[in-house]
Structure formats: C-alpha cells, structure tokens
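Go ahead and model the full structure; you've got the sequences and the hints to work with.
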Amino acid sequence: MTDRPNKIARRPFVAELLRHRGNALIVTGLGSPTWDCFAAGDSPEYLYSWGGMGLAVPTALGLALAQPARRVVAITGDGEMMMGLGSLAVVGDQAPKNLAVLVLDNEKFGETGRQRGLTAGRTDITAVAKGCGFRATMTVTEQGAAAELAQLLFKKPGPVLGVAKIAVTEDPWALPEKDGATIAHRFRTALGLEKT
Amino acid sequence: MPSPASHWSHDVFRAMKARDIVTVCTVPDGGLTKLLDLIEADGKIGLVTLSSEQEGIGIATGCWLGGQRAVVAMQSSGVGNCINALGLPLAYRAPCLMLITMRGQWGEFNPWQVPMGQAAKPTLEAMGVKCFPVDKADEVGETFAAAADLAFNSRTSAAVLVSQRIVGAKGFGQK
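In the order they appear, the protein sequences are chains A and B.
For the first sequence, this note's numbering gives the first residue as 1, with consecutive numbering after it.
For the second sequence, this note's numbering gives the first residue as 1001, with consecutive numbering after it.
Heads up, some of the hints might be wrong.
Said to hold, decoys possible - What the simulated footprint calls covered on chain A by chain B, stretch by stretch (three residues with Cβ under 8 Å from a Cβ of chain B suffice, anywhere in the stretch; the number is not a length):
hint, stretch
1, 51–57
2, 86–97
3, 108–117
To be verified - For the chain A half of the interface with chain B, some residues (derived, Cβ under 8 Å), not all of them:
hint, residue
4, A60
5, L61
6, L63
7, L65
8, V128
9, L152
10, T196
If you are wondering where the hints come from, they were derived from the structure by calculation, not from laboratory data.
None of the values given here were measured: they were computed from a predicted structure.
Note that beta-carbon positions come from the ideal geometry of N, C-alpha and C, so glycine has one too.
Have a look at this one:
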C-alpha cells in the first residue's frame, strides 16, 4: 500500500530487467506481462500464456522442478498472482532454488477496464511470500531499481519474489503467438526436447 | 476389499515407475493414502502438496514443458477446482494425467460430497478430458497404465476415476 501513485513505466522496466536474463526461462502471466515480455524482444525461451489465470506460478514451478539446472522466472500481474496466491505456499514448501516470481503490480485489473485490484488496499504479496517461506523478497517503486531487482530475480537462491509497483500506462499492442501448441513446441525445441 | 498385498495402489505405483512419472501433485484423499505412502517411502518420486487441485494442473503442464512427467492425484471434489485450469494443457496441447478417487457415489454417507462426486465425470468430459472409470480393484493398475500412455503419447488429458466401490465408503463411525 502506497500513498502516492505508482511511477514505474512497465515496458522499459521489463525490457531493462530482461537484459539481465542470461539463459533464464521466462513464464509470462496472461495479459499485459505477456505483452511486456514480447515487446522487449521475442525469445523461444519465453513461455507465453493467454489464459489460465492463477497458473503462472504453478506452471513455472513445474518447469523449475523439471529443469533444475535452469533459472525459471515467472513474470505476472497482481490480479493473476492473487488468483493463485495459494501456489506461493506450494512453492515455499518445494523451495526450488532456481525459481523466482516477479509481480508487475499496478493495483488494477488492467485488461478488463482498470478496475481496482486487491493490492490497492492492504494486501502485500511480499508479506505473503515471506510467510510462505520464500528466501528473499523485494518491493521496488523506482524505475532505477531494475538492476537491483534483476539481481534478486536472476541470481539470488530461490524461491524469491519481487513486486514492482508499476504505473497505469497506455502501451502499444504487442501480441505474441497465441496458438499454445506452437508456443509449447517452440519452447520445448529450445530446451532440446523436440525437433523443429 | 482386496487384501493389502494386492492393493491396487501397488499396481498404480509400478505403472508410474515404468512410465518415468517423477512428480505426483496432490491434495490428499483417504482413498489415496496407500499410494501416497508408497510414494513417500520410495523417495524417488517427488510429492508436491497443493493448496488447491488446480495448481496441480499448472505444475503438471510445467513439468511436461520442461521434459518430465507428472500426475495429479485428487478426490472427486477437487475436479471442480480444476475446471478453468484444464484449459491450460489443452491450449499447449500438453498431456495431463489425473488419478481421481471418487466420493459421493457408492454408498456415500456425506450428502455434501454428492454434487461434485456425481458431476466429476461430466465436468471433466466437458473440458475435453478422456475419462476412464474403473470399479474393480484389480483393473485400476492396467487402466492407469492405459490412461497414462494415451495422455503422454497422444498429448491429451486423461483421468482415471477410481470408484468409491473400490475405495470404500467412509463410515463416520456409523453402521
């Protein structure tokens, strides 16, 4: 909960974060986080989603369990995270060292008309993550905090969770492939699990 | 009830091992106790305890995207928690294997179990899941094996529904 409006411009912020990605696998939550990651530069190592609200963290957890040598980072929105809040307890219980979660938190349901979200009130997702046994958490409110947040997301032993308090912005449409089978095939090919 | 030595859970466990299933996601059910005990004792299959069954659908999908096989084990009431989530493996054309022990069915004592128990199979089918009901204990293993092969080889969602007739109705101390 902050008194002043969120300042971080999401598109350049996500792009800056992803410059630190290395070979981490990215799982994007439905809606704007998917558009943000695609707008920052497409990669077969991004697993896009267009649905399955509440399942970004579970999907990333499954991936992290199956690929223990790879860093896995879920990048999702506050509404999507709230719908899957229980999954933070599952992550805390499994405690995968290679898993990180980033919540892009504009405190609104951005895709549906910017209705007020639960994080606009007293809900603090980092406190929930801490309570579930995450090793480290961070809330950032400044554009300049991207490098520090990237350190947490891509380097620190997981599970870790960051919340970026992003502004409500009007960004150009940036829509990736939406056929799930195509996305999965491309992703698994990048992991050497399928042939082109 | 079958004798402990021939319990269907051993057959399912063997079928899991033979198919390289390395993760079992679960909200436990009384009917799954034996199987979950076998998995814990084995120590090689990862047990993922869920807060809600829908998480298991996401985790199993993520496991497959990363090159591993998982199964989601739940009580029939958990099917209702999975409805929207079942669209995820469908969209990715990922396999999704479920083992469901039934309530609200054969001799149920608790009326609160009946609505979702009775709706489990039609709900799964409405979400494109191939259902394999089984009501004989000695057929659970082979049914699970067949459902697993269908799911992983044909990249579809499949559920084995273990009848309450096999699991046994919970008596709540009543005769």
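Hints, verified against the model:
no., hint, verdict
1, 51–57, "holds (count 7)"
2, 86–97, "holds (count 6)"
3, 108–117, "violated (count 0)"
4, A60, "6 Å, holds"
5, L61, "5 Å, holds"
6, L63, "4 Å, holds"
7, L65, "6 Å, holds"
8, V128, "12 Å, violated"
9, L152, "21 Å, violated"
10, T196, "16 Å, violated"
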